[in-house]
Amino acid sequence: DAKTTQPTSMDCAEGRAANLPCNHSTISGNEYVYWYRQIHSQGPQYIIHGLKNNETNEMASLIITEDRKSSTLILPHATLRDTAVYYCIVRVAGGTSYGKLTFGQGTILTVHP
Amino acid sequence: DTAVSQTPKYLVTQMGNDKSIKCEQNLGHDTMYWYKQDSKKFLKIMFSYNNKELIINETVPNRFSPKSPDKAHLNLHINSLELGDSAVYFCASSPTGLALLGANVLTFGAGSRLTVL
Chain A
1 DAKTTQPTSM DCAEGRAANL PCNHSTISGN EYVYWYRQIH SQGPQYIIHG
51 LKNNETNEMA SLIITEDRKS STLILPHATL RDTAVYYCIV RVAGGTSYGK
101 LTFGQGTILT VHP
Chain B
1001 DTAVSQTPKY LVTQMGNDKS IKCEQNLGHD TMYWYKQDSK KFLKIMFSYN
1051 NKELIINETV PNRFSPKSPD KAHLNLHINS LELGDSAVYF CASSPTGLAL
1101 LGANVLTFGA GSRLTVL
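Chains A and B supply the protein sequences, listed in that same order. When we follow our numbering, the leftmost residue of the first sequence carries the number 1, and every step to the right adds one. When we follow our numbering, the leftmost residue of the second sequence carries the number 1001, and every step to the right adds one.
Misleading hints may appear alongside valid ones.
To be verified - Capping the alpha-carbon separation at 30 Å, the derived lysine-lysine pairs in DSSO-like fashion look like this:
| id | chain 1 | residue 1 | chain 2 | residue 2 |
| --- | --- | --- | --- | --- |
| 1 | A | K100 | B | K1044 |
| 2 | A | K3 | B | K1041 |
| 3 | B | K1040 | A | K69 |
| 4 | A | K52 | B | K1044 |
| 5 | B | K1044 | B | K1067 |
Stated by the list, open to error - A few chain B residues that don't get close to chain A, going by computed Cβ distances all over 10 Å:
| id | residue |
| --- | --- |
| 6 | N1017 |
| 7 | D1018 |
| 8 | E1024 |
| 9 | K1041 |
| 10 | N1051 |
| 11 | E1058 |
| 12 | V1060 |
| 13 | S1068 |
| 14 | P1069 |
| 15 | A1072 |
| 16 | N1104 |
| 17 | T1107 |
| 18 | A1110 |
| 19 | T1115 |
Calculated from the structure, these hints are not laboratory results. Using N, Cα and C, we set each Cβ at its ideal position, and we do this for glycine too.
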């Protein structure tokens, strides 16, 4: 799996957009970008994933650069409940070890009033 | 209804004891997992089962034995507990690997915090 690099921590004001970057310069053509988050004392929660097109769902938007070497997770209107550790994971969709996710250190996002 | 439920949520026990953590999912998923989060907060996969068959076993000591009586349940039994086993254990599930795009979309439980004294 491709290695990912994320900032250790970020701050965001409540109500503003939170833009979380992720570098994955060694990504392969069949690898997807997945985002998960872990709110304190809870299990990780899936947010969104994409291959090369930008994606949006009810939680967030995912912007992937044209060369696919980096991506940005956007929480359009951050709330205090979005304070969590955000993980960017690169993984093939299937294969013999699907579901084997490599969680790095992630980005600690703190949303403040 | 909780999608992936684990019991117990907290478990405090002495070294050398044997303990089990139970997991059940009501999502109709075919694949279930155990992940371990250590004191440094790193999350690592331990096992995965697909339709009751072991798929992934990540160099976990033999003292850890997963058991899947059916595809909705994956229990974790730990023998001869050691101090280093103290961690939060997360159960998760996902659609079958044949559903390629969903294979890495895992639903996690709330975790079971194990403390070995």
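Results for each hint:
| no. | hint | result |
| --- | --- | --- |
| 1 | A:K100 x B:K1044 | holds (8 Å) |
| 2 | A:K3 x B:K1041 | holds (18 Å) |
| 3 | B:K1040 x A:K69 | holds (28 Å) |
| 4 | A:K52 x B:K1044 | holds (27 Å) |
| 5 | B:K1044 x B:K1067 | holds (19 Å) |
| 6 | N1017 | holds (25 Å) |
| 7 | D1018 | holds (25 Å) |
| 8 | E1024 | holds (14 Å) |
| 9 | K1041 | violated (8 Å) |
| 10 | N1051 | holds (13 Å) |
| 11 | E1058 | violated (8 Å) |
| 12 | V1060 | holds (13 Å) |
| 13 | S1068 | holds (14 Å) |
| 14 | P1069 | holds (20 Å) |
| 15 | A1072 | holds (16 Å) |
| 16 | N1104 | violated (5 Å) |
| 17 | T1107 | violated (7 Å) |
| 18 | A1110 | violated (5 Å) |
| 19 | T1115 | holds (15 Å) |
Going through the hint list in order, the structure does not satisfy hints 9, 11, 16, 17, 18.
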